[in-house]
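A.B. asks: Mapping of the sequence shown onto the working numbering: position 23 corresponds to residue 23, and the numbering continues sequentially without gaps.
Hints are computed from structural coordinates only; laboratory data are not their basis. Values in this document were obtained by computation on a predicted structure and should not be read as measured data. Each hint should be verified, as a subset may be incorrect.
[As the list claims (entries may be wrong)] Pairs of lysine-lysine, DSS-like flavour, derived with a Cα cap of 25 Å:
{"no.": "1", "residue 1": "Lys94", "residue 2": "Lys147"}
{"no.": "2", "residue 1": "Lys85", "residue 2": "Lys110"}
{"no.": "3", "residue 1": "Lys5", "residue 2": "Lys93"}
{"no.": "4", "residue 1": "Lys40", "residue 2": "Lys93"}
{"no.": "5", "residue 1": "Lys40", "residue 2": "Lys91"}
{"no.": "6", "residue 1": "Lys110", "residue 2": "Lys146"}
{"no.": "7", "residue 1": "Lys24", "residue 2": "Lys5"}
{"no.": "8", "residue 1": "Lys93", "residue 2": "Lys26"}
{"no.": "9", "residue 1": "Lys94", "residue 2": "Lys40"}
{"no.": "10", "residue 1": "Lys147", "residue 2": "Lys91"}
{"no.": "11", "residue 1": "Lys5", "residue 2": "Lys26"}
{"no.": "12", "residue 1": "Lys40", "residue 2": "Lys85"}
{"no.": "13", "residue 1": "Lys85", "residue 2": "Lys24"}
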Amino acid sequence: MPRKKYIVTMTAEERAHLRSLISKGKAAAYRQRHARILLKTAQGEHGEQWRDAQIVAALDVNVRTVERLRQRFVEEGFEAALQRKEQTNRKAKKIDGRAEAYLVTLACSKPPEGREHWTLPLLADRLVALELVDSVSPETVRQTLKKTN
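Throw the hints in and build the complete structure from the sequences for me.
C.D. replies: Printed below as a string of structure tokens:
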């Protein structure tokens with residue numbers, strides 16, 4: 001059996017904090033789950049030192065969740081282990097507030113000469129022509145207009 005690379009050791013204050021977080025029941029579910037996992041995996045004279053398989057069975061989580069949480073506790077600290085991991089893969093919005101306001105105004109205005117109404121590709125092309133955005137798809141225009149009603 002491979003030896004665990006990340007060993008969780010906590011102070012008595014950290015254990016007390018986790019126990020109070022669980023007992024109050026007011027924290028978010030993921031924080032309570034993280035607290036339970038950390039208490040079960042903690043080593044030392046007051047730690048429970050459960051095996052990962054026992055934690056997985058008792059708390060109905062994946063073994064990788066336990067491993068990643070233990071790693072985050074050791075590498076980033078107590079508070080980081082209680083929080084969700086910051087998401088870094090989110091894309092920035094193409095249409096900011098200024099462009100969105102102009103888009104709504106444009107969609108409500110009179111359509112261009114020779115057109116009966118604005119189309120999504122026309123609106124997208126106009127935003128690019130006015131240099132409010134570098135590029136934008138008609139689908140992004142549709143979603144923006146849908147959320148503004």
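A.B. asks: Keeping to a limit of 25 Å between CA atoms, is the pair of Lys5 and Lys93 held or broken?
C.D. replies: Answer violated: Lys5 to Lys93 is near 39 Å, above 25 Å.
A.B. asks: Take a quick look at whether Lys93 and Lys26 sit within 25 Å of each other, Cα to Cα.
C.D. replies: Violated: Lys93 and Lys26 sit about 33 Å apart, past 25 Å.
A.B. asks: Is the Cα-Cα distance between Lys147 and Lys91 25 Å or less?
C.D. replies: Holds, at about 18 Å.
A.B. asks: Checking one constraint from the list: CA of Lys40 to CA of Lys91, max 25 Å. Satisfied?
C.D. replies: The given pair, whose Cα atoms are some 37 Å apart, is violated under the 25 Å limit.
A.B. asks: Has the given pair, Lys5 with Lys26, been kept, meaning a C-alpha gap of at most 25 Å?
C.D. replies: Judged against 25 Å, a Cα distance of about 32 Å means the pair is violated.
A.B. asks: Holds or violated: Lys40 and Lys85, Cα atoms, limit 25 Å.
C.D. replies: 21 Å, holds
A.B. asks: Are the Cα atoms of Lys94 and Lys147 separated by 25 Å or less?
C.D. replies: Status holds; Cα separation ~15 Å.
A.B. asks: For the pair we were handed, Lys85 and Lys110, check the Cα-Cα distance against 25 Å.
C.D. replies: 47 Å, violated
A.B. asks: Within 25 Å, alpha carbon to alpha carbon, are Lys24 and Lys5?
C.D. replies: Roughly 32 Å separates the two Cα atoms, so the pair is violated.
A.B. asks: Verify the proposed pairing of Lys110 with Lys146, using a straight-line Cα cut of 25 Å.
C.D. replies: The given pair, whose Cα atoms are some 19 Å apart, holds under the 25 Å limit.
A.B. asks: Are the Cα positions of Lys40 and Lys93 separated by 25 Å at most?
C.D. replies: Distance of about 41 Å is beyond 25 Å: violated.
A.B. asks: Given the hint that Lys85 pairs with Lys24, does the C-alpha gap stay at or below 25 Å?
C.D. replies: 23 Å, holds
In terms of the numbered hints stated before, the structure departs from hints 2, 3, 4, 5, 7, 8, 9 and 11, listed from lowest to highest.
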